[in-house]
Structure formats: structure tokens, C-alpha cells
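Protein sequence lines, in the order shown, are assigned to chains A and B. Position 458 of the first sequence, counting from 1, maps to 458 under this note's numbering, and the rest follow consecutively. Position 425 of the second sequence, counting from 1, maps to 425 under this note's numbering, and the rest follow consecutively.
Careful: at least some of the hints might be erroneous.
Repeated chains share a single entry, so a pair holds when one copy, or any two copies, can fit it.
[What the hints assert, rightly or not] Capping the alpha-carbon separation at 20 Å, the derived lysine to aspartate or glutamate pairs in EDC-like fashion look like this:
#: 1; residue 1: 166; residue 2: 48
#: 2; residue 1: 332; residue 2: 417
#: 3; residue 1: 58; residue 2: 210
#: 4; residue 1: 166; residue 2: 179
#: 5; residue 1: 206; residue 2: 226
#: 6; residue 1: 376; residue 2: 48
#: 7; residue 1: 332; residue 2: 130
#: 8; residue 1: 163; residue 2: 194
#: 9; residue 1: 332; residue 2: 428
Hints in this document: simulated from the structure, not taken from any laboratory.
2 protein chains.
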Amino acid sequence: MDADALISCGAMTLQFVAEYWRSIGKRPVVANIQPGYLRQLLPLEAPEQAESFTSIIKDLESTIMPGVTHWHSPNFYAYFPTANSYPAICADILSGGIACIGFSWIASPACTELEAIVMDWLAKAMGLPEFFLSSGNGGGIIQGTASEATLVALLAARSRIFKERKVEDPTLTLGRLLDQLVVYCSDQAHSSVDKAALIVGCRLRKIASDADCIMRGEQVQAAIAEDRAEGLIPFFIIATLGTTPTCAFDDLVSVGRVCEKEHLWMHIDAAYAGNAFICPEYRHLLNGIEYAESFDFNPHKWMLVNFDCSAMYLKDRTHFVDAFNVDPLYLKHAFQSSAPDYRHWQIPLGRRFRSLKLWFVFRAMGLDGLRAYIRKHIELAKYFISLIKPDDRFEIVFPAAEQLGLVCFRLKDSPNELNERLLKALNEDKRIYLVPSMVKQKYILRLAICSWLTEEKHVRFAWDIISEVTAKLLSK
Amino acid sequence: MDADALISCGAMTLQFVAEYWRSIGKRPVVANIQPGYLRQLLPLEAPEQAESFTSIIKDLESTIMPGVTHWHSPNFYAYFPTANSYPAICADILSGGIACIGFSWIASPACTELEAIVMDWLAKAMGLPEFFLSSGNGGGIIQGTASEATLVALLAARSRIFKERKVEDPTLTLGRLLDQLVVYCSDQAHSSVDKAALIVGCRLRKIASDADCIMRGEQVQAAIAEDRAEGLIPFFIIATLGTTPTCAFDDLVSVGRVCEKEHLWMHIDAAYAGNAFICPEYRHLLNGIEYAESFDFNPHKWMLVNFDCSAMYLKDRTHFVDAFNVDPLYLKHAFQSSAPDYRHWQIPLGRRFRSLKLWFVFRAMGLDGLRAYIRKHIELAKYFISLIKPDDRFEIVFPAAEQLGLVCFRLKDSPNELNERLLKALNEDKRIYLVPSMVKQKYILRLAICSWLTEEKHVRFAWDIISEVTAKLLSK
């Protein structure tokens with residue numbers, strides 16, 4: 001275990017990944033195996049003696065690769081993208097090589113400081129409000145996932161309302177309060193909101209979105225009024241920018257105004273779409289963010305930064321520190337008042353040096369390069385629209401003002417069951433991979449541009465397959 | 001952004017890390033900078049244009065390195081170790097290169113399957129009870145941190161008790177139940193237990209440990225009786241194997257028997273010490289684990305696997321799935337009944353291909369190699385004891401039966417204030433790095449063997465410094 005082995009074995013691994021990238025377009029995008037396949041191929045117990053690194057690398061192709069779903073295949077159009085790039089991988093090598101645990105400033109100052117700096121860079125590149133910069137009472141932090149960001153925001157909001165209500169009623173218990181608390185989100189919000197509400201244990205009310213899948217202030221206001229009339233305590237809302245089913249954008253301005261009036265904490269989940277805000281032409285979709293207490297999106301989805309890297313911004317960090325602060329002596333240090341200790345802003349204690357990934361990607365790509373990358377994906381989605389639109393068998397559904405890199409479609413005037421059979425036939429064909437969604441009682445197909453290898457020819461290929469599989473299905 | 005750049009830039013990064021490892025012993029172990037140092041060195045905004053990779057790597061030494069606390073320096077004795085090794089870094093390159101998100105089996109089957117297999121390997125290597133193997137109702141999962149494992153276990157236990165109590169009283173609300181629930185842990189347990197209780201919102205009662213810092217069943221039984229008499233509902237206990245302050249081991253057998261009788265969920269947090277259980281001579285410290293519902297330790301602490309990799313085992317996964325299951329259409333797939341979907345066992349949705357790290361380390365080191373590594377650290381701690389023990393100025397405190405790689409000491413018959421001054425003088429000297437702890441009103445110094453580079457000569461060096469700084473302090 002030494003420096004020489006790192007160089008030689010690392011080079012072998014890089015070579016393997018490079019070959020993988022070069023061949024990825026030729027691999028079947030979805031694994032063609034049955035559950036339990038790997039257990040047949042591997043020993044039942046860990047080896048007693050060390051094996052050669054060559055033999056480990058050799059086994060990758062025969063055991064692991066057959067079971068991989070290739071998220072970076074140019075034929076992968078499922079879910080939303082997950083990012084990847086050589087500078088982010090290099091930054092991860094460095095993070096692994098330094099292997100410090102930056103839970104407090106003193107535990108490795110560069111870890112905390114670089115995070116604050118690159119999160120400021122990112123905030124400025126997107127034109128976020130000043131109160132999200134680290135120079136004020138707020139700041140940015142890298143969370144693992146948008147799910148964790150939602151949960152953390154919800155916990156901070158719970159801490160705030162509990163503190164406020166305790167002033168009015170010192171006998172109030174958290175349990176009694178919890179039974180009255182209401183969280184709101186659109187009926188289009190991500191399942192991680194359900195999960196966060198389940199974890200915190202408060203009720204979640206889903207607001208009916210409009211015909212374009214947009215949550216609007218008027219409906220939020222009505223729900224709050226109803227709930228207050230029943231003695232409940234509305235306190236938190238998640239607004240989504242770029243919903244998972246159709247990439248719809250909640251109306252931040254009208255929702256935000258209601259939040260201000262009704263003293264609700266607004267958290268914005270822009271997991272996928274947030275990345276586009278580095279392009280000035282999409283910045284207007286952020287109008288209304290000035291009403292938010294917290295904001296999160298995933299550079300690990302669409303900004304060339306490998307998972308995990310979820311960029312969360314807080315307006316007032318004291319609510320977070322209040323919610324999470326537990327400080328034993330072995331974690332205390334002399335600089336606690338002059339530098340942020342990110343452990344108080346998150347659920348885990350330990351943290352990797354993840355800011356290196358953002359730093360490397362910003363520098364190796366430049367903001368210009370990142371914008372070009374985002375725009376290319378959006379262009380490819382438009383290209384797909386140009387192919388499917390003239391075809392009378394299909395309809396494009398929920399064409400929000402900005403669908404970004406996602407296109408939702410279905411067989412025109414057809415029952416859900418037929419669309420479900422189409423999706424099934426496409427995925428059994430295995431040349432491309434899509435996932436469906438159910439929106440407003442409609443079963444829809446989602447085509448999301450995901451890979452950095454996707455070009456027009458791949459989108460054309462996807463369209464040809466969709467057209468061909470549809471013809472076969474409809475002829476039955 | 002292509003395969004060629006990955007190979008060339010990756011090689012540059014590996015070279016940087018290799019040089020770092022070669023020079024780490026000569027670097028000051030703790031960063032010698034003031035808060036805000038990095039902001040003076042970096043631009044205020046992200047670059048518009050791409051920069052060369054060479055310039056990025058060049059900046060590492062001048063900007064980042066001065067602010068790094070070197071956790072792998074042979075002079076680092078603070079906290080507990082965090083692991084590192086070349087095979088784990090190579091596995092991370094691979095995880096980054098493949099960059100699949102394994103939240104469900106179908107999303108990348110190899111990701112789920114390899115995790116189940118290597119977690120079984122690990123369970124067998126430690127002699128864990130059969131019910132923790134994936135072949136039964138339980139199984140292993142890689143969590144990010146022990147903090148998350150504690151929280152996840154607590155949430156599953158809350159879900160179980162709520163379901164049970166609802167049967168007796170269908171009008172029961174979660175809030176009403178929460179106000180009655182009690183979590184127990186030793187007064188020596190890690191701060192992450194406080195944090196988990198804070199997040200879930202239930203009261204935490206700390207059980208007084210005995211003179212050796214061990215929590216015993218008798219005290220737990222008494223606390224439960226008191227709380228039941230007050231109408232509270234005891235439901236969950238964290239037993240710690242290898243506490244952070246002194247590496248004490250709670251008495252699992254007596255605590256476990258109480259849990260069985262009183263229907264409490266016992267979660268075991270063995271974050272650091274758990275790694276030693278792959279050595280048969282320490283396996284007896286696990287006696288009583290048969291009473292546990294869940295168990296967690298961190299291979300990322302002491303088993304050469306880079307952070308993050310926390311190995312959690314569940315006896316019955318249905319409690320977890322009950323607590324976390326939210327299943328929108330875009331995440332459903334045809335194999336849900338035949339393969340585990342780890343997203344229901346954890347807080348985040350997304351997950352990296354972390355099992356590769358365990359697989360690579362097991363194979364590149366062999367169980368024999370891992371055992372040798374653990375034993376070497378324990379020998380080094382014993383060597384430090386052999387140096388300090390004959391010195392009348394010091395006393396070794398809380399010498400539990402097995403202190404593993406940690407030694408706790410203080411100035412004999414001295415006030416806390418003097419020990420605090422000693423710790424401060426040592427850390428201002430900056431040649432070695434320790435953190436203190438406060439145990440039973442005693443301020444103590446902790447010396448934890450942390451780095452894979454630490455040899456007898458380094459321990460000797462540490463002792464010489466401690467001796468020298470003490471002499472200077474006492475002569476004042």
C-alpha cells in the first residue's frame with residue numbers, strides 16, 4: 001500500500017474507464033440479466049490472501065459490467081441525467097488521496113473554506129440573491145442529495161416554528177406541535193418530499209397543480225386558509241423548479257407572496273433544472289427566489305460534477321445550527337466563531353472534500369463551457385421535438401414554457417394501457433432506455449437527454465426505434 | 001471531455017497524490033493558517049473560460065495544501081482514524097467513471113448485487129449472526145456515516161412502535177406517541193445519538209456508565225422502570241462498542257437481555273471498534289449482538305476503505321421499508337419483489353457504487369492483510385503505553401479491557417486546567433495533533449493511532465514531544 005502502487009494500479013483503472021467510455025455506445029444500455037446473477041459469479045466469502053490488482057481489473061468485465069445500466073450511454077434517456085467528467089473524477093482522486101474529514105473548520109480548514117468559496121462562485125454565476133452568499137447570515141453547503149437538502153430545510157423550519165410557538169405557549173411539546181404542522185408541495189413534487197415529511201412525522205398536503213402542472217399561489221392560499229380553520233399550523237412549502245414527471249416550474253412569485261404573508265418557510269427544489277440558471281436566458285425562471293429561505297439543486301445531475309454534489313443555499317444559518325447543534329468537547333475548537341462548521345448544517349458528521357469537484361469542473365470547463373453543455377442538451381431535446389411533432393400518432397404532452405432537456409409524449413388520444421405497452425415494448429427492445437410517469441391520470445413517456453455523448457445521430461436513432469416499435473405495436 | 005483527457009489528467013493527479021503521500025510525514029500535521037486564508041488566494045468568481053489542467057494541479061500546492069490538516073500524517077493522533085488505500089481510490093475512480101445511480105435494482109443491478117454480496121462477506125468475516133445476512137429477512141447496506149445509520153435505525157424503530165401502538169389505540173397520533181417515546185444511550189455515546197434524537201424529536205435519556213465507562217443492563221433496567229412509571233414509552237437503545245472518548249464497550253449481554261424483556265430495539269454503534277472484529281481475538285467483544293435489531297460500524301475508519309462507507313446490518317428489513325417506502329411510477333420496476341431496493345433502507349434516494357471500494361480492498365489486501373493492519377495499530381498503541389506507563393508524571397486513564405488503538409492519559413493527580421494547558425501546548429507546538437475529551441469530570445488527552453504510515457519511530461517521536469512539552473509546562 002504505497003505511492004507506487006497508487007500510480008500503477010490507478011493508471012490501470014483509468015485505462016479501464018477510458019476504454020469503457022470509448023465502448024459505451026456499443027453496449028446494451030440496460031443490463032440483460034436476472035436478479036441474483038452476480039452471486040453465481042463471485043465467491044461466497046472474502047479472500048483470505050491478497051490477490052493481484054490485475055486479476056481484480058480483469059474480473060470487472062466478466063462480472064460487474066454485464067450488470068451495469070449505462071447511465072452515460074448515448075442511448076440512455078431515463079430518469080434525469082447524472083453528471084460525469086474527467087476533472088470531477090480527478091478531483092475525487094485527490095479527495096480520496098488527501099482523505100481528510102472536514103466536519104469542522106479545524107479538522108481541515110481548506111475543506112470548509114474552498115466549499116464556501118466555490119458555493120459563492122456558483123451563486124454568483126446563477127445570479128442568486130445576495131443573502132445566499134457566505135458573506136451574510138446565509139451561505140452555501142454541499143449536501144449529498146436533494147433529498148437530504150429537503151429534509152434539512154424541513155428540520156430547520158420545524159426548529160424555527162417550535163421556538164416561536166414556545167414563546168406563546170411555554171408548555172408546548174414538540175409532539176403536540178407536530179400533530180398540527182402542515183407541509184405543502186405540488187402534486188407534482190418529487191417523492192423525496194413525501195419521504196422527508198414521513199421522517200419528520202408531519203402531515204403533507206399536496207396542492208393541485210394547474211393543467212400545465214404548475215403550483216400557484218391561489219391554490220396554496222386556499223389550502224392554508226382551510227387548514228388554519230381546522231386548527232392546523234401551516235409552516236413549510238416546497239416549490240419545485242423542473243418537476244421530475246414533466247419539468248414544470250411552480251409559480252415562485254405567487255407562491256412566495258403567500259409564504260411571506262402567511263409566514264411559511266419556502267424551500268425551492270430545483271434538482272435538475274437549477275443547473276440551467278447559469279445561462280442568462282433561463283435566469284428569469286428563478287424570479288420569486290427572493291421569497292425563499294432555502295434553495296437546492298444538483299450539480300451532480302447536469303453540471304458535469306460526479307455524484308454526490310447537491311448545492312444547497314440557506315438564507316439564515318442560525319436556524320440550521322439551532323436544529324443540529326450538539327457539541328462534545330472532542331469536536332470543539334478555538335475558531336468556532338470565525339468560521340462555519342458545516343457539521344451543524346447537515347445530518348451526517350463526517351464529510352469528504354467534495355468542493356474540489358466543483359472547483360476542478362469550474363476551472364477545467366469554464367462557465368462558458370458549462371453553459372454550452374447545458375444548451376447542447378436543450379437543443380437535442382428540441383431536435384427530438386422536431387422529429388416527433390410532425391408524426392400524427394403522437395402528442396407532446398405538458399409542453400411547459402421551458403422543458404429544458406426533457407420531452408414528454410404519448411400516443412395521441414390513446415388509453416393509458418396502450419402507452420404502457422409501448423413503454424414496455426421499448427424497454428424490452430433494449431436499444432434505448434426510458435421511464436414513464438403518471439401525470440393527471442395520463443400515462444406518459446419521458447425522454448430525457450442524459451449523456452455527454454449524446455449527439456443528433458443518437459436522438460435520430462432513438463426516434464427511429466420509437467417509430468418502429470410503435471408501428472409494430474399498432475399493427476397488432 | 002474525453003477518454004484521453006481522463007488518462008492524462010488522471011495520471012497527473014495520481015502523481016500529485018503519490019508525491020503527497022511520500023512527503024506527508026514532513027508536512028506540519030495541522031494547518032498553520034487563520035480563518036479566511038483561502039479567500040485571499042482565489043478569485044472572487046468562477047472563470048468564464050476553461051483553464052489548463054496543469055494550472056489547476058499547480059495551484060493545489062500553493063492554495064489548498066497549506067490549509068489541509070493531514071489526517072494521514074504519521075503524526076496525526078486526533079479523533080479516530082479515517083481510512084485510505086490505493087485499491088479504495090482505484091475503486092472510486094471506477095465508481096466515478098461508471099457513474100451509475102443505484103437507487104433501485106433496475107437502475108443498475110450490479111450496484112445492488114455487489115453491495116449485498118460484499119456486505120455478506122464482511123458479516124461472515126466478523127462472525128455476525130446469520131440473521132444479518134442477505135439470505136434471510138435482514139441484510140447489509142452501505143450508509144454514508146454512522147450518524148445516518150443511527151438515525152435510520154431510530155426511524156425504523158419509531159415506525160415499528162407506532163404500528164404496534166396503533167393496534168391498541170387507533171386514534172393514536174405520531175405526535176402524541178413522540179411525546180412519550182424515550183431513547184436510551186450511555187453517557188459516553190457519540191454526539192450523533194443526540195443529533196438523531198433531536199431530528200426525530202423524541203427525548204433522550206443518558207444512562208450513567210460505570211467507573212470504566214461501561215453501560216450495564218442493571219442501570220438500563222432501572223431507567224426503563226422509572227420512565228414507564230411516569231407513563232413514558234421506552235423503545236430504543238444505542239449500545240456503543242468502542243466509545244469515542246475512551247473506547248469503552250457497553251455490556252451487550254446484560255443490556256440486550258433487558259431489551260428483549262422490555263421490547264426495546266437495540267442498535268449497536270461500533271463505528272471505530274467494529275473493524276477489529278475481523279480478528280478472532282476480539283470477536284468475543286461482540287457477544288450479545290444476538291439481541292440487536294441493527295448494527296453499524298465504519299470500514300471507512302479502520303479497514304482501508306476511503307470515506308464514505310458505513311456498514312449497517314438489519315435484522316428485519318420490513319421495518320425499514322415501512323419507514324421509508326414512497327414509490328412513484330418513475331421509480332417502480334418489474335423486479336421489485338425479487339431484489340432489494342436500497343432506496344427504502346436509507347434517507348437519500350441516489351447512491352454511488354460504493355460496494356466497489358469494499359470489493360477492491362478485500363481482494364487487494366485479503367482478510368489476512370486487513371487483520372495485520374488492525375493488529376499493527378493495536379500494537380503501536382501498546383507501544384505508547386509501554387513508553388508512558390513508567391513515567392510518574394502521567395496516569396493512563398480508563399484502561400478498558402481492550403482499548404484497541406486508543407490510549408487515554410493525563411497528568412497524574414492534576415487539575416483539569418493543567419491538562420487543558422498541556423493539550424493546548426502540544427497543539428500549539430504543532431508537531432503532533434491530539435484532541436481532548438471530558439470523561440467523568442476528568443479532562444483527558446486521547447492518543448489514537450490513525451495513519452497507515454505510523455511506525456514505532458513515530459510513536460516514539462510523539463512520546464518524546466509529549467514528554468518535552470510536559471517538562472516545559474511543569475517547570476513554569
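For residue 206 vs residue 226, is the C-alpha pair at or below 20 Å within one copy, between two copies, both, or neither? within (13 Å within a copy, 42 Å between copies)
State whether the alpha carbon distance between residue 58 and residue 210 is at most 20 Å within one copy, between copies, both, or neither. Cα proximity of residue 58 and residue 210: none, with 54 Å in one copy and 53 Å across.
Can you give me the call for residue 166 and residue 48, within, between, both or neither, at a CA distance of at most 20 Å? neither (59 Å within a copy, 49 Å between copies)
Pop the pair residue 166 and residue 179 into one bin, within, between, both or neither, using alpha-carbon distances up to 20 Å. both (15 Å within a copy, 15 Å between copies)
Residue 376 and residue 48: within-copy, between-copy, both or neither at 20 Å Cα: between (50 Å within a copy, 18 Å between copies)
Quick one: residue 163 to residue 194, C-alpha cut-off 20 Å, is that within a copy, between copies, both, or neither? between (24 Å within a copy, 18 Å between copies)
Tell me, please, which holds for residue 332 and residue 428 at an alpha-carbon limit of 20 Å: within, between, both or neither? between (56 Å within a copy, 16 Å between copies)
Within a copy, between copies, both or neither: where do residue 332 and residue 130 come within 20 Å Cα-Cα? So residue 332 and residue 130 fail the 20 Å test inside a copy (30 Å) and across (40 Å) alike.
Which holds for residue 332 with residue 417 at a C-alpha limit of 20 Å: within a copy, between copies, both or neither? For residue 332 and residue 417, the Cα distance is within 20 Å only across copies (16 Å; inside one copy 60 Å).
The structure fails hints 1, 3 and 7 (numbered hints given earlier, in ascending order).
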